[in-house]
Amino acid sequence: MIANSWSRHGPRVAALLVGAAALTILVTAPGMGGYLMTVVITAVLFAYLAQCWNIVGGYAGRFSFGHAAFFGVGAYTTGVLGQHGVNPWLGLLVGAAFAALLGAALAVVSFRFGVRGPYFALSTLALAETLRVVFTNWEFVGAARGVMVDFSPGSSLAAFQFDSRLPYLYLILGLAAAVTALVAALDRHRVGLYLRALREDETVAASLGVDCQRYATYASALSAALTAVGGAFYTQWLLFIEAPTVYGVEISVAMVIPVLLGGVGTVWGPLLGSLALAPIQEGARALFRDRPGADLVVYGIVIAVVIIYLPRGIMGLFTPRPKVDQPPVAPVTPPVPVGAAR
Amino acid sequence: MLYAQSIVSGLLIGGVYGLIAVGLSTVFGVMKIINFAHGTIMMVGMFVVYYAWRALGVTPYVSLLFVVPLLFLFGVAVQLVLVERVIDAPPDQQLILTMGLSLFLLGGAQLLWGADFRTVDVPYGNAAFDLAGVSVSVPRLVAFVAAGALAGGLFWLLRRTDLGRSIRAVAEQPDAAAAVGINLPWTRALTFGIATGCVGVAGTLLTPFYYVTPQVGEPFTLIAFVVVALGGLGNPAGAFVGGLLVGAIEGLGGALLPGSTKQLLIFIVFLLVLVVRPQGLFGRRVAL
Numbered sequence: 001m002i003a004n005s006w007s008r009h010g011p012r013v014a015a016l017l018v019g020a021a022a023l024t025i026l027v028t029a030p031g032m033g034g035y036l037m038t039v040v041i042t043a044v045l046f047a048y049l050a051q052c053w054n055i056v057g058g059y060a061g062r063f064s065f066g067h068a069a070f071f072g073v074g075a076y077t078t079g080v081l082g083q084h085g086v087n088p089w090l091g092l093l094v095g096a097a098f099a100a101l102l103g104a105a106l107a108v109v110s111f112r113f114g115v116r117g118p119y120f121a122l123s124t125l126a127l128a129e130t131l132r133v134v135f136t137n138w139e140f141v142g143a144a145r146g147v148m149v150d151f152s153p154g155s156s157l158a159a160f161q162f163d164s165r166l167p168y169l170y171l172i173l174g175l176a177a178a179v180t181a182l183v184a185a186l187d188r189h190r191v192g193l194y195l196r197a198l199r200e201d202e203t204v205a206a207s208l209g210v211d212c213q214r215y216a217t218y219a220s221a222l223s224a225a226l227t228a229v230g231g232a233f234y235t236q237w238l239l240f241i242e243a244p245t246v247y248g249v250e251i252s253v254a255m256v257i258p259v260l261l262g263g264v265g266t267v268w269g270p271l272l273g274s275l276a277l278a279p280i281q282e283g284a285r286a287l288f289r290d291r292p293g294a295d296l297v298v299y300g301i302v303i304a305v306v307i308i309y310l311p312r313g314i315m316g317l318f319t320p321r322p323k324v325d326q327p328p329v330a331p332v333t334p335p336v337p338v339g340a341a342r
Numbered sequence: 343m344l345y346a347q348s349i350v351s352g353l354l355i356g357g358v359y360g361l362i363a364v365g366l367s368t369v370f371g372v373m374k375i376i377n378f379a380h381g382t383i384m385m386v387g388m389f390v391v392y393y394a395w396r397a398l399g400v401t402p403y404v405s406l407l408f409v410v411p412l413l414f415l416f417g418v419a420v421q422l423v424l425v426e427r428v429i430d431a432p433p434d435q436q437l438i439l440t441m442g443l444s445l446f447l448l449g450g451a452q453l454l455w456g457a458d459f460r461t462v463d464v465p466y467g468n469a470a471f472d473l474a475g476v477s478v479s480v481p482r483l484v485a486f487v488a489a490g491a492l493a494g495g496l497f498w499l500l501r502r503t504d505l506g507r508s509i510r511a512v513a514e515q516p517d518a519a520a521a522v523g524i525n526l527p528w529t530r531a532l533t534f535g536i537a538t539g540c541v542g543v544a545g546t547l548l549t550p551f552y553y554v555t556p557q558v559g560e561p562f563t564l565i566a567f568v569v570v571a572l573g574g575l576g577n578p579a580g581a582f583v584g585g586l587l588v589g590a591i592e593g594l595g596g597a598l599l600p601g602s603t604k605q606l607l608i609f610i611v612f613l614l615v616l617v618v619r620p621q622g623l624f625g626r627r628v629a630l
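So the sequence lines, in the order shown, correspond to chains S and D.
With my numbering, letter number 160 in the first sequence gets 160, and the count goes up by one each step, no holes.
Positions in the second sequence are counted from 1; adding 342 to them yields my numbering.
Okay, chain D solo, but in the shape it has when bound:
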């Protein structure tokens, strides 16, 4: 029963991992850039949610209304101002640039808000119900369902809309896409914005049951890498499934391993996947 409980808790948070990883994977699919600042951008969103709740009493889910547009615009700006300048640079340099952005945001958050742990105290934060002997946390379930729905929406957008088709075209053949009149910088900026918007949703969904601190984002970046590595870089559908898998592994790790070693299992899986199967479990670029 302990294992069932751990796996269920893990799967629920795994949905959020999946959503975070879908953004990372999409950006990689289109720009061939690993966005190391993905988790720290989520952290910025979580602080917006925290201060909206603290100062104005806005409950986290309502914050989505402004957190998502805010992070979308931030992502568009990051792409246009920073990433666009290194779009043809070697991959190492691109990675370093996003690492720099991550350090800047982390340091800026520490300067502005200090390194304390904060929590958004909402009445439904600890709500849970019993399902066949397994306790299911309500905010985690909400996060899971919403993350799944949004990831589904993103797939629909990529497959069925003109914007999605142009994004996929840029991912597939940038030169040909430009030749048929697709604005490359703008499409890339929208892609980056969509990814950061998704991560804004993920961050918001986490706040009712997760602490907020400048350091909160980095582990999520690493987890998203693991997820994306499992699912295959540039394969958003694989990324979501990978998220569930990593959530379950983490849940099991928490039950099997002592202390704070549960992350260990994730890093080991990560190393193994990177080394043995860098194209991911499901192969590269199925959906994008």
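Just chain S, same shape as in the assembly:
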């Protein structure tokens, strides 16, 4: 849409880097050791989740600090339904639907009551924490014992269970590629422009005819559903979930940091950020000999450096700052009757 010379260049370099990394993983995967593969699967899962967060946190500008809520809903729905003999793929779909409803409700309520910025971040955090406490005490979902998924030996795509780690890696790589393709399409589509418009200035966006509430709700529901799919993958991969982990602040943080590092509201930022973060994290773990806390120290330092020195993330290095006199968003023709906008 905004076809300046710079806006084509930066993303291409980023796409090349990410593509090369994905190809390397794909080619070397069969020869990877167990530990390395676990590390890679985790990194790709969080790259996928970061991209999901990016839809609402980056494009729509709703900084959620509680996406673990959706992740946990996806993980628990799949796990609990699985215990009752429901196929995990169906569980994944049901979980995604639940999460989409929750995400839509969150967007509608926060829009209706004008919960924005830091208040929105804090209320999403409170939502995730509420679910954590509820699920830790809810007997039907295993309370504090968590949920154990039965494993029947043998690999089967239909049963979403595999004997080795390799299929899980392929699966999550596929998911990450799919969500990135979706975000890339969104980035070019007018809906992506609407989202960016309402991120920059809701009043102006509304005055140009963007139905802010509608698109914010779509973005929130979509991001929540996709995040829940990640949760379902997590359940099937680890075969055990517990509320303090899947609803934990750590999950929410791990989804946000790669996006901040890579570049908020860009197609390649979340993946670049994950790519940069993974080696730093592994290095810190090795340096501190796997003592707990190393990740958090790394996160803290990354955040401080990014916020103070790189507010637009790594993508900001590739792409010059937009000029002030040039509007960040191309003019939008009113797609809906004026009356539909608030």
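These are calculated hints, taken from the structure and not from any lab test.
Please note that the accuracy of each hint is not assured.
Over 12 Å on every C-beta distance to chain D, these chain S residues come out as not near it, computed from the model [unchecked claim]: (1) 17; (2) 24; (3) 33; (4) 36; (5) 86; (6) 155; (7) 164; (8) 191; (9) 207; (10) 257.
Now the stretches of chain S that chain D is said to cover, found in silico as 3 or more residues with beta-carbon under 8 Å [stated by the list, open to error]: (11) 37-48; (12) 64-73; (13) 117-130; (14) 282-292; (15) 305-312.
Beta carbons: idealized from backbone N, C-alpha and C, even for Gly.
With the hints as your guide, set chain D onto chain S.
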């Protein structure tokens, strides 16, 4: 009687919540920044108290003598080195920065001291007396009274001293304050230091009857948010009253709800307040 007991216990701890929230609220009032690291900074103070007791046998209340100056200086440094750089950045970015600080302190504490639960074992830790059938814990009562006194002192400082007037001026009209010769960065640094000093007192008061672990701070940050949300961001007096209210709600929740669900009531209240009345029960900026 069970309810009376729960409410009394809740109110006593509510005083400490109030003190923690007063700091959070003051920082918000002056800098318009939500300090997500508030509780983790308290945790650092609690570890200082713990090691002073463990290594040197210093009883917690005496530790106030060095914990408070230490956390005050830490707060001043945080403001000057980190927060001052994002003072004009969008609120989201400011919140993320303090979240980063919180993660850094939490991770650092886990690396240094491990994730175990520790307790400061002092003879008066379990002391209690009976008041009309309700058991009153002595260290909790001390915490309540001291927290109330300190919060009162802080109000006095804000209302009646030159420093307080300049802090309020910066909160009200930063540009005008700068024009009459108030040093903005320095005033903000002192404000942040005062807030972390308060949280140091709160942490110290908690140690005789509370466990010490790297994770101890985060729930207090969340509770302080609830309190501040109830009392109104930037309204320290409202924050203290909010603390008592949240303490009482938590106490009642503990009596009414099973297991570890007592926090549930708090989160629900928090969500309701954020959604329905984000300016707090008592409105914004009465005292500051």
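The hints, checked one at a time:
In this structure residue 17 of chain S is separated from chain D by more than 12 Å, as the shortest Cβ-Cβ distance comes to about 24 Å. No Cβ of chain D comes within 12 Å of the Cβ of residue 24 of chain S; the nearest lies about 29 Å off, and the non-interface call holds. For residue 33 of chain S, the non-interface assignment is confirmed: its Cβ lies about 26 Å from the closest Cβ of chain D, beyond the 12 Å cut-off. At roughly 24 Å from the closest C-beta of chain D, the C-beta of residue 36 of chain S stays outside 12 Å, upholding its exclusion from the interface.
No beta-carbon of chain D is positioned within 12 Å of the beta-carbon of residue 86 of chain S; the least distance is around 28 Å. Annotated as non-interface, residue 155 of chain S keeps its C-beta farther than 12 Å from every C-beta of chain D; the closest such distance is 36 Å. Distance check for residue 164 of chain S against chain D: the nearest CB is about 32 Å away, which clears 12 Å, and the non-interface claim stands. No Cβ of chain D comes within 12 Å of the Cβ of residue 191 of chain S; the nearest lies about 22 Å off, and the non-interface call holds.
With a least CB separation of 21 Å from chain D, residue 207 of chain S remains clear of the 12 Å interface cut-off, as annotated. The beta carbon of residue 257 of chain S sits about 9 Å from the closest Cβ of chain D, which is not more than 12 Å, so the claim that it is off the interface is violated. Here's how the segment 37-48 of chain S fares: 0 of its residues keep a CB closer than 8 Å to some CB of chain D, so the rule of at least three is not met and the hint is violated. Note: the segment 64-73 of chain S has 1 residues with beta-carbon separation from chain D under 8 Å; the three-residue rule is not met and the coverage is violated.
With 11 residues carrying a beta carbon less than 8 Å from a beta carbon of chain D, the segment 117-130 of chain S meets the three-residue requirement, and the given coverage holds. Here's how the segment 282-292 of chain S fares: 3 of its residues keep a CB closer than 8 Å to some CB of chain D, so the rule of at least three is met and the hint holds. Three residues within the 8 Å Cβ limit are the bar, and the segment 305-312 of chain S against chain D gives 3, so the coverage statement holds.
In this structure, the earlier hints numbered 10, 11 and 12 are contradicted, and the remaining ones agree with it.
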